[in-house]
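Asks: Spelled out from the first residue to the last, the chains are:
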Amino acid sequence: MSVSFDKKDGNVVVVIGTGPGGGVLASELAQKGVKVVALEAGGRHGPEDFVNDEWASFGQISWLDSRSTSGSWRVAKDFSGLPAWIVKGVGGSSQHWAGASLRFQEHEWKTQTVYGNVTGASLLDWPIDAKTMDPYYTKAEEKLRVTRTGGRKGLPGNNNYKVFEAGAKKLGYKDVHTGRMAINSKDYDDFVACQQTGFCFQGCKWGAKWSAGYNEIPVGEATGNLEVRINSQALKIEHDVSGKVTGVIYADADGKQHVQKARIVCVAGNSIESPRLLLNSASSMFPDGLANSSGQVGRNYMRHMTGSVYATFDKPVKMWRGTTMAGIIQDEARHDPSRGFVGGYELETLSLGIPFMAAFLDPGAWGREFTSALDQYENMAGMWIVGEDMPQETNRVSLNYDVKDQFGLPTPNVHFDDHPNDIAMRNHAYKQGAAVYDAVGAVRTFPTPPYPSTHNLGTNRMSAKARDGVVNKWGQTHDIKNLFVSDGSQFTTGAAENPTLTIVALAIRQAERIASEMSKGNI
Amino acid sequence: MSYVKSLTRRDLLKTSVAAGSLLVIGGGFVAASNAAWALEVTHLKSSTMATLIQMARDIYPHDNIADEFYAAAVKGYDTADSKGPVEEGIAALNAAATGRGHASYLATGWERDRVDILRSMESSPFFQQIRGGLITGLYNQKAVWPVFGYEGESFSKGGYIDRGFNDIKWV
Numbered sequence: 001m002s003v004s005f006d007k008k009d010g011n012v013v014v015v016i017g018t019g020p021g022g023g024v025l026a027s028e029l030a031q032k033g034v035k036v037v038a039l040e041a042g043g044r045h046g047p048e049d050f051v052n053d054e055w056a057s058f059g060q061i062s063w064l065d066s067r068s069t070s071g072s073w074r075v076a077k078d079f080s081g082l083p084a085w086i087v088k089g090v091g092g093s094s095q096h097w098a099g100a101s102l103r104f105q106e107h108e109w110k111t112q113t114v115y116g117n118v119t120g121a122s123l124l125d126w127p128i129d130a131k132t133m134d135p136y137y138t139k140a141e142e143k144l145r146v147t148r149t150g151g152r153k154g155l156p157g158n159n160n161y162k163v164f165e166a167g168a169k170k171l172g173y174k175d176v177h178t179g180r181m182a183i184n185s186k187d188y189d190d191f192v193a194c195q196q197t198g199f200c201f202q203g204c205k206w207g208a209k210w211s212a213g214y215n216e217i218p219v220g221e222a223t224g225n226l227e228v229r230i231n232s233q234a235l236k237i238e239h240d241v242s243g244k245v246t247g248v249i250y251a252d253a254d255g256k257q258h259v260q261k262a263r264i265v266c267v268a269g270n271s272i273e274s275p276r277l278l279l280n281s282a283s284s285m286f287p288d289g290l291a292n293s294s295g296q297v298g299r300n301y302m303r304h305m306t307g308s309v310y311a312t313f314d315k316p317v318k319m320w321r322g323t324t325m326a327g328i329i330q331d332e333a334r335h336d337p338s339r340g341f342v343g344g345y346e347l348e349t350l351s352l353g354i355p356f357m358a359a360f361l362d363p364g365a366w367g368r369e370f371t372s373a374l375d376q377y378e379n380m381a382g383m384w385i386v387g388e389d390m391p392q393e394t395n396r397v398s399l400n401y402d403v404k405d406q407f408g409l410p411t412p413n414v415h416f417d418d419h420p421n422d423i424a425m426r427n428h429a430y431k432q433g434a435a436v437y438d439a440v441g442a443v444r445t446f447p448t449p450p451y452p453s454t455h456n457l458g459t460n461r462m463s464a465k466a467r468d469g470v471v472n473k474w475g476q477t478h479d480i481k482n483l484f485v486s487d488g489s490q491f492t493t494g495a496a497e498n499p500t501l502t503i504v505a506l507a508i509r510q511a512e513r514i515a516s517e518m519s520k521g522n523i
Numbered sequence: 001m002s003y004v005k006s007l008t009r010r011d012l013l014k015t016s017v018a019a020g021s022l023l024v025i026g027g028g029f030v031a032a033s034n035a036a037w038a039l040e041v042t043h044l045k046s047s048t049m050a051t052l053i054q055m056a057r058d059i060y061p062h063d064n065i066a067d068e069f070y071a072a073a074v075k076g077y078d079t080a081d082s083k084g085p086v087e088e089g090i091a092a093l094n095a096a097a098t099g100r101g102h103a104s105y106l107a108t109g110w111e112r113d114r115v116d117i118l119r120s121m122e123s124s125p126f127f128q129q130i131r132g133g134l135i136t137g138l139y140n141q142k143a144v145w146p147v148f149g150y151e152g153e154s155f156s157k158g159g160y161i162d163r164g165f166n167d168i169k170w171v
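For the protein sequence lines, the chains are A and B, in the order given.
For the first sequence, the positions run 1 to 523 when our numbering is used.
For the second sequence, the positions run 1 to 171 when our numbering is used.
These are computed hints drawn from the structure, not numbers from a lab.
Quick caveat, the model's predicted, so the values are computed rather than measured.
C-beta: ideal position from N, C-alpha, C; glycine also.
Some hints here could point you the wrong way.
[Claimed, not checked] FRET-style restraints, in silico, Cβ to Cβ:
# : chain 1 : residue 1 : chain 2 : residue 2 : range
1 : A       : K77       : B       : G76       : 23 to 29 Å
2 : A       : G255      : B       : E88       : 34 to 40 Å
3 : A       : G255      : B       : G101      : 54 to 60 Å
4 : B       : P146      : A       : P420      : 30 to 36 Å
5 : A       : K77       : B       : M121      : 18 to 24 Å
6 : B       : S124      : A       : G255      : 34 to 40 Å
7 : A       : I423      : B       : W170      : 34 to 40 Å
8 : B       : E111      : A       : P420      : 39 to 45 Å
Please model the complete structure; the sequences and the hints are all you need to start from.
Replies: Right under this line is the structure:
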């Protein structure tokens, strides 16, 4: 907060967005001596003002700007104006995430090779692999203090986990534990251990869950090399006649527009806003938007194959008590086409409070079938399904010219159709999830449809060849060498794992690359 | 909510007519039949508000939740702006009831018959507005959470680390 850079200073790196991608990148660059201006669309919240209240927190931290949806996915019917449940503010969606921190499996970097031709899917191998990423994953796990890595112990299991674990073991699952979580399993010098409060999605009031907002950004700011400008929404990236980017037009809290000059621009606004910004930056030189010579900007939008299974029992569970997602079954994460689909999925414990359960258990439902389930809320257990979905070129973020935002710019439309592989995997997961609970005496089970997307991926994907994607193996755009993408929109494919650890690992690696290329004078 | 609690039971009973489990009182009040609470209605007809409260219960029936909370969930429709569409929607609901041989929606004795009426208008904007509004209007009332066993905020109590996060005994 102490440093302030001149808007005409063209030597700074401008990072757009301060989530697990942009926030980590900005802080890492600052720690390497690079001058950084981070533009954050939202405000600054933290443990001191987070609230243990689902709807109040939703209003406090969510990205609620106008968005539209299309396609056959159920979210377009149930939540037509809210395709994604993500955060606007310093720290981005790492304020809201549950903390699950899993590495990709080795084969998930090479799905085109391993899965072969899947009709309708635009599978592609990443230009990087498990070996490349191993040291960066280790650095990310250290940074996030991930449990069950680096000698750190696991979190204790809560009530919801105990039901889940007992069912999983009766069913014969072997790889069942309380997860690899970016939530402290012991006290550290500056950070307290998890107090089993619940409300992980509402921002951790103890600061026991890692967030770029209060764990990374302040470290960067303390170097004197990072200025975070809050309530500053990027509207357009500018370029010169040579095609290099030169700065970013942004609006401040009062809607007043400014230009921040830049040596390098890194886009990390999440997989809906990042492609939208590139598309909204179209010019006479780049009529289809920046970095879009391939036509791939906004395409291959992925959101993970998701769903939930809740179950009611004849005795109390009180699933809301304790860490929301400290529980995982990994046995189904493997690639085993004999199940009728390629790729795999994780099962992870999950709970919602009564206010969100009413909204999400079966959106649109009413009557006694629905209310008799809620009447058993105290006896309910729950899990989330997260699996690899197929990239499809037609699943995309595009500009909706019919609806303009508060700055007069076209809003994003998110189009998504489930791939048959996604549907086959979801049905398998619903069956297995219900079987877990049936094994310990469930009275009723509920195959709950997907929530608005929390894992938004793939709209500026990484590719070896320029024609197949938007960025290269460093997240540098194929078309413009001083323009980078630094968030989950880089993902070539989605893998079965929660994406944050990979986003952080990619950001650490990208920071090294950018600092090195700057010092060599290459960019 | 701004219940009028000062009315005496005798005042209420003097001018009221039974409407399901509720009383509709002349002079712009809806009250519990035991007179435990009363809701002042300014813009809507009292009978419309009483019907709306019954409709809310029939959409999300919880036998352990008192009418008072359903009333709280729909009292926001008692405004000048909402009056037109709500009176119209309730009139349609009553028309559907009379079309099935009942005197009115409120006079339809069995829940299953009222639910049939609601099903017949399930896709209408009025029904969807009322149903959607109840999701937060009913379930986000902190006062109803204990009915479900939900404990709400826990940070101020130190979380559950010493208060039973893993106290399940039956697995």
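Asks: For every hint, state whether the structure bears it out.
Replies: To see whether the hints hold, each was checked on the structure:
At about 26 Å, the beta-carbon gap between K77 of chain A and G76 of chain B stays in the expected band of 23 to 29 Å. Distance hint check: the CB atoms of G255 of chain A and E88 of chain B are about 39 Å apart, consistent with the given range 34 to 40 Å. Between G255 of chain A and G101 of chain B, the C-beta spacing of about 59 Å keeps the proposed range 54 to 60 Å intact. For the pair P146 of chain B and P420 of chain A, the supplied restraint of 30 to 36 Å is violated, since their beta-carbon distance comes to about 45 Å.
At roughly 19 Å, the beta carbons of K77 of chain A and M121 of chain B sit within the given window of 18 to 24 Å. At about 39 Å, the beta-carbon gap between S124 of chain B and G255 of chain A stays in the expected band of 34 to 40 Å. Under the hint 34 to 40 Å, the C-beta atoms of I423 of chain A and W170 of chain B, about 35 Å apart, fit the expected range. Look at E111 of chain B against P420 of chain A: about 41 Å separates their beta carbons, and that is inside 39 to 45 Å.
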